[in-house]
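A.B. asks: Chains as they are written, first to last, in my numbering: chain A, 185 to 434; chain B, 2 to 405.
Heads up, some of the hints might be wrong.
If you only want the chain A side, here are some residues facing chain B, beta carbon under 10 Å, derived [claimed, not checked]:
#	residue
1	234
2	238
3	239
4	259
5	262
6	286
7	289
8	301
9	312
10	314
11	323
12	346
13	368
14	371
Residues on chain A that point at chain B, a partial pick, calculated with CB under 7 Å [stated by the list, open to error]:
#	residue
15	194
16	240
17	244
18	275
19	290
20	434
Hints in this document: simulated from the structure, not taken from any laboratory. Keep in mind it's a predicted model, so treat the numbers as computed, not measured. Heads up, the beta-carbon is just placed ideally off N, CA and C, and yes, glycines get one too.
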Amino acid sequence: MIEARALSKRFHDKKRGEIRAVDDVSFRCEPGKIYGLLGANGAGKTTALRLLATILEPTGGTALVCGYDIVEQPEKVRATVGFLSTATALYPRLTAQELVEYFGRLNGLDEATLEKRADAIFNRLDMNGFRDRRCDKLSTGMKQKTSIARTLVHDPPVMIFDEPTLGLDIMTARTIISFIRECRDLGKTVIFSTHVMSEVEKLCDVIGIIHNGTLLAEGTVPQLREKYAERDLEEIFVKIVTPHLVAEAN
Amino acid sequence: MSIRNVGIVYKKELTEAIRDRRTLISTIVVPLLMFPVLTVGFGAAMFSLLNKAEKETPQVMVLGGADSPGVLADLKKLEGLKIVDSTPDWKDRIVNKEVGAAVEIPEGFESDLARQKSDTVKIYDYKNEIKSEFAANHVEKALKKYSDDIVKERLEARNLAVSVLNPFEIKQENVAPPEKVGGAAIGGFLGYFVIVLCLQGAMYPAIDLTAGEKERGTMETILSSPISRVHLVFGKFLLVLTAALLTAALSVTSMGVSFWGSQKFHAFDAGGASDAGSSQLHIGVGAILSVFLMALPLAVMFSAALLTIALFARSHKEAQSYITPLMFIVIIPAIAAMLPGVELTPKLALIPILNVSLLCKDLIAGTYHWNLIAIIFGSTCAYAAAALFLAVKMFQRESVLFRS
Numbered sequence: 185m186i187e188a189r190a191l192s193k194r195f196h197d198k199k200r201g202e203i204r205a206v207d208d209v210s211f212r213c214e215p216g217k218i219y220g221l222l223g224a225n226g227a228g229k230t231t232a233l234r235l236l237a238t239i240l241e242p243t244g245g246t247a248l249v250c251g252y253d254i255v256e257q258p259e260k261v262r263a264t265v266g267f268l269s270t271a272t273a274l275y276p277r278l279t280a281q282e283l284v285e286y287f288g289r290l291n292g293l294d295e296a297t298l299e300k301r302a303d304a305i306f307n308r309l310d311m312n313g314f315r316d317r318r319c320d321k322l323s324t325g326m327k328q329k330t331s332i333a334r335t336l337v338h339d340p341p342v343m344i345f346d347e348p349t350l351g352l353d354i355m356t357a358r359t360i361i362s363f364i365r366e367c368r369d370l371g372k373t374v375i376f377s378t379h380v381m382s383e384v385e386k387l388c389d390v391i392g393i394i395h396n397g398t399l400l401a402e403g404t405v406p407q408l409r410e411k412y413a414e415r416d417l418e419e420i421f422v423k424i425v426t427p428h429l430v431a432e433a434n
Numbered sequence: 002m003s004i005r006n007v008g009i010v011y012k013k014e015l016t017e018a019i020r021d022r023r024t025l026i027s028t029i030v031v032p033l034l035m036f037p038v039l040t041v042g043f044g045a046a047m048f049s050l051l052n053k054a055e056k057e058t059p060q061v062m063v064l065g066g067a068d069s070p071g072v073l074a075d076l077k078k079l080e081g082l083k084i085v086d087s088t089p090d091w092k093d094r095i096v097n098k099e100v101g102a103a104v105e106i107p108e109g110f111e112s113d114l115a116r117q118k119s120d121t122v123k124i125y126d127y128k129n130e131i132k133s134e135f136a137a138n139h140v141e142k143a144l145k146k147y148s149d150d151i152v153k154e155r156l157e158a159r160n161l162a163v164s165v166l167n168p169f170e171i172k173q174e175n176v177a178p179p180e181k182v183g184g185a186a187i188g189g190f191l192g193y194f195v196i197v198l199c200l201q202g203a204m205y206p207a208i209d210l211t212a213g214e215k216e217r218g219t220m221e222t223i224l225s226s227p228i229s230r231v232h233l234v235f236g237k238f239l240l241v242l243t244a245a246l247l248t249a250a251l252s253v254t255s256m257g258v259s260f261w262g263s264q265k266f267h268a269f270d271a272g273g274a275s276d277a278g279s280s281q282l283h284i285g286v287g288a289i290l291s292v293f294l295m296a297l298p299l300a301v302m303f304s305a306a307l308l309t310i311a312l313f314a315r316s317h318k319e320a321q322s323y324i325t326p327l328m329f330i331v332i333i334p335a336i337a338a339m340l341p342g343v344e345l346t347p348k349l350a351l352i353p354i355l356n357v358s359l360l361c362k363d364l365i366a367g368t369y370h371w372n373l374i375a376i377i378f379g380s381t382c383a384y385a386a387a388a389l390f391l392a393v394k395m396f397q398r399e400s401v402l403f404r405s
């Protein structure tokens, strides 16, 4: 369960002055459901997800992740979250197994549990062929699997994916998509950000459309279709965002 | 503070460091090889060059002297010198190193000598050119002897003893114990190397563990794990400190072995007659250990400062450009301590780096000013704690971690 309450993040930029990357955003993600954060580049998706994963600290508002406050108990929050993005790279000089074990230990697992958990994950993701290979010698697909194994090692009830398929080939992207679905089926709370409409349509139970740090619309796909009288999600997105673009231009 | 968490980070960073060729080269290979190459290689080359210069018969040109056949004949009789005929381009030939030196006998030199009129004999050489100076010194020695003989003759002609000119002898003698002589000679040098190598050893890992992590995109991965940032900094810091101390220890060991080895080499070369020379460079193991003890807080300071600076950078390259000026900031006070006459005072004891460097001179010489040592150890620890505090603060700043 994730509950964002008036979550805000402001940056100070020397050239552009104050930037409201996330501005007073509130939403809920339920267990066993996938929440999709849809927005253009620079809309604030990454910042919002980094706030939920406590990689960044909010400047206003807060959020509860599995009942833990992201401001008050950030370490507890991180222990309940699996975070995956295209920016979360692997340590090149560790083997896949060492990497997964490292993150297991950082999550406080004891050695016996860690061994069992790692074996189970390696079997399930079919990683035994390369578990002893260094991460810098892995193919893109193997790296993605290792990243997935890293996010799963502590069996987190909440999964956060920040544009997980960005820059991946179709086959690797499909692995990730089916993995996200699997997380939902296991009853985890899943939130993921993307700017690819087809992914949202295929995967998400609830969609939030974010623009300039503000959540402009929220609902299930059928709800949004009804409200904006459009079938195509892309048309819906354009309909929601365009008035704001016009307002900014003036 | 969870020692378990710090340990997990440290162990992982150690695994990665051991597998990184660049880290291994900068912390282990370079310090191990630098001194043997410097002392043995450079020393041997120097030695053989000197030998060659001494064995080669230098050529000396005599200018003038046609009316002084006695002096000319004496010069020609000199062993180890070859007198060649003078040419008008003698200056060029000295500069071109074809002729070692030239000696100019003034006109009417012998008749002036007979009349007891003082003339000037000039020796021309190529300053700081080893073979030329060698030839010039040789000629000067011969002429000096010639002059001394004349003085002797003249004194005898007047029935005077030689001691008229030398009413008493002057002699300098060293009373300082050998380790103090050694301390003055190489104490500053040793301190300088320990300080600079501590920095050198910490540099590469500090960059790799911060800016390198940003560059490879693993910063976000590690920040999404439950480890607290304080534990993360400490784990990283301990690895950098390990590298700094390892580099310093290896280089001092290798320096000691090289000095010892080259002394054996020279002693052997001189037919085992230079025992006095080797005892002059006597340095106690205790002195070296105390130098290390003093370098410990300094290594802490360097490691923390380097982490702080390198964390600010976005890439290896950027980090290197920030750290190069730091190198100078460290080297200048370390060198200043090597200047003759700079002595430890309570005020200087508060200046970081310079104080430790000066103290090393004293420690190697076996001088222990306990109150100054306390000031230096205390102040360096304080600076180290401040640097470590800064590193921790830096790791908690988003604008630094996610600088773009």
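A.B. asks: The structure should be examined with respect to each hint, and the outcome stated for every one.
C.D. replies: How the hints compare with the structure:
1. 234: 8 Å, holds
2. 238: Since the shortest Cβ distance to chain B is 8 Å, the answer is holds.
3. 239: Result: holds, 5 Å to nearest chain B Cβ.
4. 259: Interface hint status for residue 259 of chain A: holds (5 Å vs cutoff 10 Å).
5. 262: 4 Å, holds
6. 286: Result: holds, 5 Å to nearest chain B Cβ.
7. 289: This interface hint holds because 5 Å falls under the 10 Å limit.
8. 301: Hint on residue 301 of chain A: violated, closest Cβ of chain B at ~15 Å, above 10 Å.
9. 312: It is violated, given that the least Cβ distance between residue 312 of chain A and chain B is near 21 Å, above 10 Å.
10. 314: Cβ of residue 314 of chain A sits 17 Å from chain B, so the hint is violated.
11. 323: 17 Å, violated
12. 346: Where the cut-off is 10 Å and the nearest Cβ of chain B is about 9 Å from residue 346 of chain A, the hint holds.
13. 368: Result: violated, 20 Å to nearest chain B Cβ.
14. 371: Where the cut-off is 10 Å and the nearest Cβ of chain B is about 22 Å from residue 371 of chain A, the hint is violated.
15. 194: Because about 12 Å separates residue 194 of chain A from the closest Cβ in chain B, which is outside the 7 Å limit, the hint is violated.
16. 240: Cβ of residue 240 of chain A sits 6 Å from chain B, so the hint holds.
17. 244: 15 Å, violated
18. 275: With Cβ-Cβ at 6 Å, under 7 Å, it holds.
19. 290: Since chain B brings a Cβ to about 4 Å from residue 290 of chain A, closer than 7 Å, the hint holds.
20. 434: This hint is violated: residue 434 of chain A lies away from chain B, its Cβ roughly 30 Å from the closest one there, beyond 7 Å.
The earlier numbered hints that this structure contradicts are 8, 9, 10, 11, 13, 14, 15, 17, 20.
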